[in-house]
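Q: Okay, here's what each chain looks like letter by letter:
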Amino acid sequence: KAGVTQTPRYLIKTRGQQVTLSCSPISGHRSVSWYQQTPGQGLQFLFEYFSETQRNKGNFPGRFSGRQFSNSRSEMNVSTLELGDSALYLCASSLMGINEAFFGQGTRLTVV
Amino acid sequence: TQLLEQSPQFLSIQEGENLTVYCNSSSVFSSLQWYRQEPGEGPVLLVTVVTGGEVKKLKRLTFQFGDARKDSSLHITAAQPGDTGLYLCAGANSGGYQKVTFGIGTKLQVIP
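Chains as they are written, first to last, in our numbering: chain G, 1 to 112; chain X, 1 to 112.
Worth flagging that the hints you see were computed from the coordinates, not collected in a lab. Please note: incorrect hints may appear among the correct ones.
Sample of chain X residues lacking proximity to chain G, with all beta carbon distances greater than 12 angstroms (derived) [as the list claims (entries may be wrong)]:
no., residue
1, Ser12
2, Gln33
3, Gly42
Interface residues of chain X toward chain G, partial, derived using beta-carbon atoms under 7 angstroms [stated by the list, open to error]:
no., residue
4, Ala78
5, Ile104
6, Gly105
Glycine included, every Cβ here is placed at the ideal spot set by N, Cα and C.
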């Protein structure tokens, strides 16, 4: 069974631009969560989607948004990029909730 | 806000040594997961513990969940270079829906 797939793996953007990251969960998993990982802060929870609805949200500004499609695939969007948004963005899927999550390889975003 | 503190944050040991890393909180969790993450990759789930006092073994790795379900430990026997990585604990609490909190991680280096 295929794992969680995130695209793209690497991305370089300029300050002020926007970016969209994609996540395809494990087949049958309905919950998708997004995390930002930086060396100093560790894994910070962004949001969780379940059956196309945002069910849980972390403490990030409104520039960070997401959505989930009927096939459970999810996208995350960051608008007006800042240098501090440079990070590894991880997507995790789970069957029903956000425990026992299975992670993708992540998208490494660099903002210059 | 629930916090998970991991200690130590950094650990460098020789191959063959034993080590223990800790994950502590003042909050009770319904379950706790341990992950290992290698540089540039997503975390990989190692184990989930659910019952207070539970002990699980995965080859040379022993995981224990505290009796009060507020803390956990990971013990590695005869560490090998392949054990090198970032070890993350994540606690889930049950409410209307589950929410997961990650520790900042323990960065382990096993020197051949």
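Q: Now look at each hint and say whether the structure bears it out.
A: For each hint, the structure was consulted:
Annotated as non-interface, serine 12 of chain X keeps its C-beta farther than 12 angstroms from every C-beta of chain G; the closest such distance is 17 angstroms. In this structure glutamine 33 of chain X is not separated from chain G by more than 12 angstroms, as the shortest Cβ-Cβ distance comes to only about 6 angstroms. Not every beta carbon of chain G lies more than 12 angstroms from that of glycine 42 of chain X, the smallest distance being close to 3 angstroms; the non-interface claim is violated. Here the hint on alanine 78 of chain X is broken, as its CB sits about 27 angstroms from the closest CB of chain G, past 7 angstroms.
At its closest, the beta carbon of isoleucine 104 of chain X sits 4 angstroms from a beta carbon of chain G; the interface hint therefore holds under the 7 angstroms criterion. Against a cut-off of 7 angstroms between C-beta atoms, the interface hint on glycine 105 of chain X holds, since the closest Cβ of chain G lies about 6 angstroms away.
Hint check: violations occur at hints 2, 3 and 4; the rest are consistent with the structure.
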